[in-house]
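A.B. asks: Using the hints provided, position chain B relative to the given structure of chain A.
These protein sequences, in sequence, are chains A and B. Residue numbers 1 to 159, in the working numbering, belong to the letters of the first sequence in order. Residue numbers 1 to 658, in the working numbering, belong to the letters of the second sequence in order.
Because the hints were derived from the structure by calculation, they are not lab data. Note that the structure is predicted; figures quoted are calculated from it, not measured. Be aware that one or more of the hints could be misleading.
Claimed, not checked - If the Cβ cut is set under 10 Å, some of the chain B residues that face chain A in the computed set are:
no., residue
1, ALA9
2, GLY138
3, PHE240
4, SER335
5, ALA338
6, GLU348
7, PRO396
8, ILE399
9, LEU400
10, ILE404
11, GLY605
Said to hold, decoys possible - Stretch-level coverage of chain B by chain A, calculated; a stretch enters the list once three of its residues show a Cβ under 8 Å from a Cβ in chain A:
no., segment
12, 183-189
13, 373-379
To be verified - Footprint (simulated), chain B over chain A, 3 or more residues, beta carbon under 8 Å:
no., segment
14, 30-38
15, 70-76
16, 84-97
In this text, a Cβ means the ideal position worked out from N, Cα and C, and glycines have one as well.
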Amino acid sequence: MSGFFRGDARNRASYGLVLALAFATPVWSVLPDEMLPDPALEARAREISREVRCPVCQGETIDDSNARISRDLRIIIRERVVAGDSDDEVLDFLVERYGEFVLFNPRKTGANWILWLAGPLMLLAGLGLGYATIRSRRSGPEEALSGDEQDQLDKILKG
Amino acid sequence: MIVEIGHFALVLALMVALVQTVLPLWGAHRRDSGLMAMAGPAAIAQFLLVAVAFAVLTHAFVVSDFSLAVVTANSHTLKPMLYKVSGVWGNHEGSLLLWVLILALFGASAALFGSNLPASLKARVIAVQGSIGAAFLGFLLFTSNPFARLQVPPMDGQDLNPLLQDPGLAFHPPFLYLGYVGLSMAFSFAVAALIEGRVDAAWARWVRPWTLAAWVFLTIGIAMGSWWAYYELGWGGFWFWDPVENASFMPWLLAAALLHSAIVVEKRESLKAWTILLAIMAFGFSLIGTFIVRSGVITSVHSFASDPERGMFILGILAFFTGGALILFAIRATSMEAKGLFGMVSRESALIANNILLAVAALVVFIGTIWPLAAEILTGRTVSVGEPFFNAAFTPFFILLALILPVGAMLAWKRGDLGRAIKGLVPVALLAIALGGLAFAMQTGRSPVGPIGAALGAWVVMGAGWDLWSRSGRGSVADRLGRMRRLPRADWGKATAHAGLGVTIFAVAAMNAWVVEDILVAEVGETFALGAYDVTLVEVHQEQGPNYMATMAEMRVTRDGAEVAVMFPEKRIYPVQAMPTTEAALHQGFTRDLYLVIGDPQKGGGWAVRGYIKPFANWIWAGSLMMALGGFLSLSDRRYRVAAGARKAAAIKGVPAE
Numbered sequence: 001m002s003g004f005f006r007g008d009a010r011n012r013a014s015y016g017l018v019l020a021l022a023f024a025t026p027v028w029s030v031l032p033d034e035m036l037p038d039p040a041l042e043a044r045a046r047e048i049s050r051e052v053r054c055p056v057c058q059g060e061t062i063d064d065s066n067a068r069i070s071r072d073l074r075i076i077i078r079e080r081v082v083a084g085d086s087d088d089e090v091l092d093f094l095v096e097r098y099g100e101f102v103l104f105n106p107r108k109t110g111a112n113w114i115l116w117l118a119g120p121l122m123l124l125a126g127l128g129l130g131y132a133t134i135r136s137r138r139s140g141p142e143e144a145l146s147g148d149e150q151d152q153l154d155k156i157l158k159g
Numbered sequence: 001m002i003v004e005i006g007h008f009a010l011v012l013a014l015m016v017a018l019v020q021t022v023l024p025l026w027g028a029h030r031r032d033s034g035l036m037a038m039a040g041p042a043a044i045a046q047f048l049l050v051a052v053a054f055a056v057l058t059h060a061f062v063v064s065d066f067s068l069a070v071v072t073a074n075s076h077t078l079k080p081m082l083y084k085v086s087g088v089w090g091n092h093e094g095s096l097l098l099w100v101l102i103l104a105l106f107g108a109s110a111a112l113f114g115s116n117l118p119a120s121l122k123a124r125v126i127a128v129q130g131s132i133g134a135a136f137l138g139f140l141l142f143t144s145n146p147f148a149r150l151q152v153p154p155m156d157g158q159d160l161n162p163l164l165q166d167p168g169l170a171f172h173p174p175f176l177y178l179g180y181v182g183l184s185m186a187f188s189f190a191v192a193a194l195i196e197g198r199v200d201a202a203w204a205r206w207v208r209p210w211t212l213a214a215w216v217f218l219t220i221g222i223a224m225g226s227w228w229a230y231y232e233l234g235w236g237g238f239w240f241w242d243p244v245e246n247a248s249f250m251p252w253l254l255a256a257a258l259l260h261s262a263i264v265v266e267k268r269e270s271l272k273a274w275t276i277l278l279a280i281m282a283f284g285f286s287l288i289g290t291f292i293v294r295s296g297v298i299t300s301v302h303s304f305a306s307d308p309e310r311g312m313f314i315l316g317i318l319a320f321f322t323g324g325a326l327i328l329f330a331i332r333a334t335s336m337e338a339k340g341l342f343g344m345v346s347r348e349s350a351l352i353a354n355n356i357l358l359a360v361a362a363l364v365v366f367i368g369t370i371w372p373l374a375a376e377i378l379t380g381r382t383v384s385v386g387e388p389f390f391n392a393a394f395t396p397f398f399i400l401l402a403l404i405l406p407v408g409a410m411l412a413w414k415r416g417d418l419g420r421a422i423k424g425l426v427p428v429a430l431l432a433i434a435l436g437g438l439a440f441a442m443q444t445g446r447s448p449v450g451p452i453g454a455a456l457g458a459w460v461v462m463g464a465g466w467d468l469w470s471r472s473g474r475g476s477v478a479d480r481l482g483r484m485r486r487l488p489r490a491d492w493g494k495a496t497a498h499a500g501l502g503v504t505i506f507a508v509a510a511m512n513a514w515v516v517e518d519i520l521v522a523e524v525g526e527t528f529a530l531g532a533y534d535v536t537l538v539e540v541h542q543e544q545g546p547n548y549m550a551t552m553a554e555m556r557v558t559r560d561g562a563e564v565a566v567m568f569p570e571k572r573i574y575p576v577q578a579m580p581t582t583e584a585a586l587h588q589g590f591t592r593d594l595y596l597v598i599g600d601p602q603k604g605g606g607w608a609v610r611g612y613i614k615p616f617a618n619w620i621w622a623g624s625l626m627m628a629l630g631g632f633l634s635l636s637d638r639r640y641r642v643a644a645g646a647r648k649a650a651a652i653k654g655v656p657a658e
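Chain A on its own, in the form it takes in the complex:
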């Protein structure tokens, strides 16, 4: 329970510590010092980093994330881009080291095909079902009112 206590003195001390820490760490993602001078290469690096997941955060891209490892990954991407790697080669490089987990754009291989084909297949199935429904509603006599309904209608009409 003592963890809940925050005496005044401790509070002030932690306050100062926090300020120091907060000012020392980058508060946001891409920083000016890591950007490449060549705008075309920088744009490509940004494009790639928008598809890479921060390995330690909860569902952020390294482009958005403030974590240190994201910064490291952004710098690695820039190094690879400068070294002349293609986009795919950069991503391969990252996957080799950090696993497929870092790809926000899941690869179209193996079981991932289920994911990628689910939409188109379900659409086809839906269209088939919809077509069958519409066809089945196209013909046949309009159903007559049931006895009860006819009685009610008569009552209403007689008013």
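C.D. replies: For chain B alone, coordinates are given in the frame of chain A:
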């Protein structure tokens, strides 16, 4: 003592909810009107008891009663009053209490406003609603009691997550919950109809306002959340396809489908089984959303309070209600035979297409959301699914939807004339394409997303206008405008909501395609260019807020020498939670937002600064609000105020209400 009253009220509410579930169901089965009549008072009593509990918890937050574990973990004496109150639902226990409160509110509303329902249907609807309430009250009391006390109350609390200390976040959860939980009414109506074995136009007319209201709230709630992300997170993103966002988006898509299919049931007595299924699925996905948020099985930026054990409990609730309803559906669906006939080209067919696209889009979002979990269980691969997937797999459905919408909206019921509908829309289409072409000519060397979005958006917006215009009959322009004004509110609601969708589609495309961004180091006094604007970093100073420290910059924005705005971006540190937040400075304009962020001081001097021009940013939320407004207009249509009329008619003519 006050706290114990709240705790006791909650226990009592659970008992009442059980009574509300069992007696009316039994009564409806036995045709015992006395037992059925228990439903209404029980629902109202349950609501009042939960309201007492909620008021007690709010009181505890307001007076900072740190003997309550929830208050200690989520509040602080220095926190501004607004956030003390909104802190009530800024945590797991409190937000569940809010959930149950709204659930009970809908049950009580059904009791109060449902006097035109057939007695057995009303009893069953309220009973099903009560059973959901009982399940969640049990969950609350047994796993997440908000009234748990601490043995040794601390001197002060641990404060609310600073990201949640924001006016937008104060109201985002209540609206979202009104939407999520509102869908429970559609669910209760569906299950009650399955028990009754009867779905007709009248049923659709009763269920549609509830769905519409839920969808309106959900729209507002989602828009608020995305607006908050836009200005708070510091880079102006507004949608991330995060699991929790998806959790709110899936019910929204299904509720939108349900709204449209219920029209078919109401007007044409077709698509009954499908509509029932959609009602079950829409609420089922609300429960799945709750499960995703509360269990933490899927990592998300929203994981404020997740706990696997609680997740299991919610999974149980989910399995019981959705599974039970689906089994009931399987047994009874065949008894809902359709009546109305219609041709291949008809409003009915268009609405079926709408439903297919919306439902499949929702399922795509669902598969994308659970795939990381599924793939790990099935194949052991740890994969991520993010924005690139959703952009590729989801967007086509909305493009198709936008393409067919104006045509479908103009087709007649039963047997439409495709040629005539298209002929009227040719000028609209040409104008939309011309606008897209104009956008393409004005942007040089950028992606085609912007122009396509402009053309699609214009097509949907102008199509909605044309729909209204073509309903105004013949004659002079003045006559037609007069008649247009007197069109039913439902027609205006439809056009407004559709136009809102067009506006949002355009704005999302524009924002993605035409954003201007700059990240740089600026010395104090330095001026840098941002698009057509010049931004000067005038000065940077420290400021003390009520429960935070801020670094505030003053930035002067000019265009061609004329001052546009002076903006004050902030960076805050909340010492109690040791958490920094960015408070971007926004200058909102009709066609663009200026968006400035101040970062850290740099080693070589100067400050890291980010600037954005976000084109048509406001239009995203304006479009969402138009959708909500359209829903609201439709809700206020005379057709749904038939309650009073029907009762009068019954009294005069002695027609049974059934």
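A.B. asks: Now tell me if each hint is right for this structure.
C.D. replies: Going down the list of hints, with the structure as the test:
1. ALA9: At about 27 Å, which exceeds the 10 Å cut-off, the nearest Cβ of chain A leaves the hint on ALA9/B violated.
2. GLY138: violated (29 Å)
3. PHE240: OK, holds: PHE240/B within 10 Å of chain A, min 7 Å.
4. SER335: At about 14 Å, which exceeds the 10 Å cut-off, the nearest Cβ of chain A leaves the hint on SER335/B violated.
5. ALA338: Nearest chain A Cβ about 6 Å off; hint holds.
6. GLU348: GLU348/B check passes; min Cβ-Cβ to chain A is 7 Å, inside 10 Å.
7. PRO396: Holds - the Cβ of PRO396/B comes within 10 Å of chain A, reaching about 8 Å at its closest.
8. ILE399: Cβ of ILE399/B sits 13 Å from chain A, so the hint is violated.
9. LEU400: This interface hint holds because 9 Å falls under the 10 Å limit.
10. ILE404: violated (12 Å)
11. GLY605: Status violated, d = 12 Å.
12. 183-189: violated (count 0)
13. 373-379: Coverage by chain A holds here, the residue count being 3 at a Cβ distance below 8 Å.
14. 30-38: Holds: 5 residues of the segment 30-38 of chain A have a Cβ under 8 Å from chain B.
15. 70-76: violated (count 0)
16. 84-97: violated (count 0)
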